[in-house]
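Colleague: Next come the chains, spelled out residue by residue.
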Amino acid sequence: MQDLDLTPLWLTLELAAVTTVILLLLGTPLAWWLARTRSRLKTPIEAVIALPLVLPPTVLGFYLLIGLGPDGIVGGPWRAMTGGALAVTFPGLVIGSVLYSLPFVVQPLQNTFETIGNPLLEAAATLRAGPLDRFFTVVLPLARGGFITGATLGFAHTVGEFGVVLMIGGNVPGKTQVISIAIYDHVEALEYAQAHLLSAGLLAFSFVVLFLVYTLNRRWRPALGR
Amino acid sequence: MLAAGIALGAPAAAAHDGEVNVAVAANFLSTSRALARRFMADHQARVLISSGSTGKLYAQIRHGAPYDLFLAADVRRPRKLEQAGLIVRDSRFTYAVGRLVLWSRDPRQVDTDGRNLKHGRIARLAIANPKTAPYGAAARTALQRLGLWSRYRQDLVRGENVGQTFQFAVTGNVDAAFVALSQISDPHHPQGGSRWIVPERLYPRIEQQAVLLKNAAANPAAADFANFLHSAAARAIIERYGYGVPALRDRQAQRRQPTP
Numbered sequence: 000m001q002d003l004d005l006t007p008l009w010l011t012l013e014l015a016a017v018t019t020v021i022l023l024l025l026g027t028p029l030a031w032w033l034a035r036t037r038s039r040l041k042t043p044i045e046a047v048i049a050l051p052l053v054l055p056p057t058v059l060g061f062y063l064l065i066g067l068g069p070d071g072i073v074g075g076p077w078r079a080m081t082g083g084a085l086a087v088t089f090p091g092l093v094i095g096s097v098l099y100s101l102p103f104v105v106q107p108l109q110n111t112f113e114t115i116g117n118p119l120l121e122a123a124a125t126l127r128a129g130p131l132d133r134f135f136t137v138v139l140p141l142a143r144g145g146f147i148t149g150a151t152l153g154f155a156h157t158v159g160e161f162g163v164v165l166m167i168g169g170n171v172p173g174k175t176q177v178i179s180i181a182i183y184d185h186v187e188a189l190e191y192a193q194a195h196l197l198s199a200g201l202l203a204f205s206f207v208v209l210f211l212v213y214t215l216n217r218r219w220r221p222a223l224g225r
Numbered sequence: 000m001l002a003a004g005i006a007l008g009a010p011a012a013a014a015h016d017g018e019v020n021v022a023v024a025a026n027f028l029s030t031s032r033a034l035a036r037r038f039m040a041d042h043q044a045r046v047l048i049s050s051g052s053t054g055k056l057y058a059q060i061r062h063g064a065p066y067d068l069f070l071a072a073d074v075r076r077p078r079k080l081e082q083a084g085l086i087v088r089d090s091r092f093t094y095a096v097g098r099l100v101l102w103s104r105d106p107r108q109v110d111t112d113g114r115n116l117k118h119g120r121i122a123r124l125a126i127a128n129p130k131t132a133p134y135g136a137a138a139r140t141a142l143q144r145l146g147l148w149s150r151y152r153q154d155l156v157r158g159e160n161v162g163q164t165f166q167f168a169v170t171g172n173v174d175a176a177f178v179a180l181s182q183i184s185d186p187h188h189p190q191g192g193s194r195w196i197v198p199e200r201l202y203p204r205i206e207q208q209a210v211l212l213k214n215a216a217a218n219p220a221a222a223d224f225a226n227f228l229h230s231a232a233a234r235a236i237i238e239r240y241g242y243g244v245p246a247l248r249d250r251q252a253q254r255r256q257p258t259p
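If you read the protein sequences in the order shown, they are chains Z and U. Taking numbering that gives the first Met the number 0, the leading residue of the first sequence gets 0, the next gets one more, and so forth. Taking numbering that gives the first Met the number 0, the leading residue of the second sequence gets 0, the next gets one more, and so forth.
It is possible that some hints are incorrect.
Calculated cross-link-like contacts (lysine to any residue; reagent style SDA-like; alpha-carbon spacing at most 20 Å) [said to hold, decoys possible]:
{"#": "1", "chain 1": "U", "residue 1": "K130", "chain 2": "Z", "residue 2": "H195"}
{"#": "2", "chain 1": "U", "residue 1": "K79", "chain 2": "U", "residue 2": "P65"}
{"#": "3", "chain 1": "U", "residue 1": "K79", "chain 2": "Z", "residue 2": "Y191"}
{"#": "4", "chain 1": "U", "residue 1": "K130", "chain 2": "Z", "residue 2": "K41"}
{"#": "5", "chain 1": "U", "residue 1": "K213", "chain 2": "U", "residue 2": "G84"}
{"#": "6", "chain 1": "U", "residue 1": "K117", "chain 2": "U", "residue 2": "P106"}
{"#": "7", "chain 1": "U", "residue 1": "K130", "chain 2": "Z", "residue 2": "P28"}
{"#": "8", "chain 1": "Z", "residue 1": "K174", "chain 2": "U", "residue 2": "D154"}
{"#": "9", "chain 1": "U", "residue 1": "K130", "chain 2": "Z", "residue 2": "A194"}
{"#": "10", "chain 1": "U", "residue 1": "K130", "chain 2": "Z", "residue 2": "E190"}
{"#": "11", "chain 1": "U", "residue 1": "K117", "chain 2": "U", "residue 2": "R150"}
{"#": "12", "chain 1": "U", "residue 1": "K117", "chain 2": "U", "residue 2": "W148"}
{"#": "13", "chain 1": "U", "residue 1": "K130", "chain 2": "Z", "residue 2": "G173"}
{"#": "14", "chain 1": "U", "residue 1": "K79", "chain 2": "U", "residue 2": "Q59"}
{"#": "15", "chain 1": "U", "residue 1": "K79", "chain 2": "Z", "residue 2": "P172"}
{"#": "16", "chain 1": "U", "residue 1": "K130", "chain 2": "Z", "residue 2": "L5"}
{"#": "17", "chain 1": "U", "residue 1": "K79", "chain 2": "Z", "residue 2": "A16"}
{"#": "18", "chain 1": "Z", "residue 1": "K41", "chain 2": "Z", "residue 2": "V58"}
{"#": "19", "chain 1": "U", "residue 1": "K117", "chain 2": "U", "residue 2": "R104"}
{"#": "20", "chain 1": "Z", "residue 1": "K174", "chain 2": "Z", "residue 2": "A16"}
{"#": "21", "chain 1": "U", "residue 1": "K117", "chain 2": "U", "residue 2": "R107"}
{"#": "22", "chain 1": "U", "residue 1": "K130", "chain 2": "Z", "residue 2": "L165"}
Just so you know, these hints were derived from the structure itself, not from any lab.
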């Protein structure tokens, strides 16, 4: 058997970690706004966020390939700033993954925020807690279940990504060759021993992650104040 | 409901006698479509084309994919299928000889003698995956013979097949890519940009072979299509798309060759 190269594994974990951090930073205010707002924009924005759940990855992959390209709406300015290309690079993959995993983070957060009732926040307000103070001392601790779920699902979904990275990744070892692509590569080349090892590893990983999510969800449900 | 089923089922069943399922290496996709159109003009048969890298299609065939004909981009996979007893006896032949080209959509990126490549001035270069795509293997050999492999390999973008590799270059996501001459010679999609036709001494001859698979033994339309590939009309189309065609003499000699 040829050596099993574990670079794709580390790269995948790095991509998933970076993506999850960005998703939490973007997703928290977005989910908070969606949970509170009565704006007419709420429903269309919810629909847009859920799009990656129903669209084939090829649609996202195709638009990303164009959009991240040197003439694209994102790739153009990026090239002007950095001089480099964006698709077929690690930053390009991060952008793709953030879009693709967005609903997996925003939806659990939004659900959690919606269960935190106004009375609690009003009580905090009467104790002179400012909006930020209320968010950090009341909302965050109560919503930790939602954060754990959102972060784990966002992370796991990024690890499980295939279609989008196949289209915009370019299979560069150490840069864009994530584990799902490495498995595909091994299968195509009939290197089944390596494909088996990586696939079994990913299977075990995904099971553990989902098991943890379900366990934690059960434990933290009372914290939501229902 | 039942009536609809019968109505839909009948023509499909009728069409089945004259249906040829062809697995085509990505570089030959548009050429094979042109060939299929020409063939269907005077045959009562439908040609259904699936394309991918030669390695992928080979793996699918090994696992029983129901193709009649396999148009590979190399000799190695058809020969392995022959050795495995998965093809119709003596059905292996060369249908085209491929040419490797370095292409960029930017008119200044690639010069006619490949100097920009040799001086390492191409920042982002794509080749097809050498493990599964023969044009990728040829590109790797060319880079190795030029002494440039170590310079480019780190950042080499690798397309899943030569079709995706070309598409990375068409969208400008890489500066240049090693692709098949046929891809930029498609009469329906003429490509501008800049090109360097890689000298043939830099890579092993890309002899593209076809085999009739065991499935096709009971399918006369498949044999008809394979025979059609030898015709003057088919050879003209293949040449128009930028391939060499084997000399007629060669082909007969090759068909007589005993199985290794």
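Colleague: Hints first: check each against the structure and report whether it holds.
Modeller: How the hints compare with the structure:
1. U/K130 x Z/H195: holds, 18 Å
2. U/K79 x U/P65: holds, 17 Å
3. U/K79 x Z/Y191: holds, 18 Å
4. U/K130 x Z/K41: violated, 49 Å
5. U/K213 x U/G84: Given that 20 Å is the threshold and the Cα spacing comes to 8 Å, the pair holds.
6. U/K117 x U/P106: At roughly 17 Å apart (the allowed maximum being 20 Å), U/P106 and U/K117 satisfy the hint.
7. U/K130 x Z/P28: Since the Cα atoms of U/K130 and Z/P28 sit roughly 45 Å apart, the hinted pair is violated (cutoff 20 Å).
8. Z/K174 x U/D154: holds, 8 Å
9. U/K130 x Z/A194: holds, 15 Å
10. U/K130 x Z/E190: OK: U/K130 and Z/E190 at ~10 Å, within 20 Å.
11. U/K117 x U/R150: Since the Cα atoms of U/K117 and U/R150 sit roughly 10 Å apart, the hinted pair holds (cutoff 20 Å).
12. U/K117 x U/W148: holds, 10 Å
13. U/K130 x Z/G173: holds, 17 Å
14. U/K79 x U/Q59: holds, 13 Å
15. U/K79 x Z/P172: violated, 29 Å
16. U/K130 x Z/L5: holds, 18 Å
17. U/K79 x Z/A16: violated, 43 Å
18. Z/K41 x Z/V58: violated, 24 Å
19. U/K117 x U/R104: Holds. U/K117 to U/R104 sits at ~19 Å (cutoff 20 Å).
20. Z/K174 x Z/A16: Answer holds: Z/K174 to Z/A16 is near 15 Å, not above 20 Å.
21. U/K117 x U/R107: holds, 15 Å
22. U/K130 x Z/L165: holds, 16 Å
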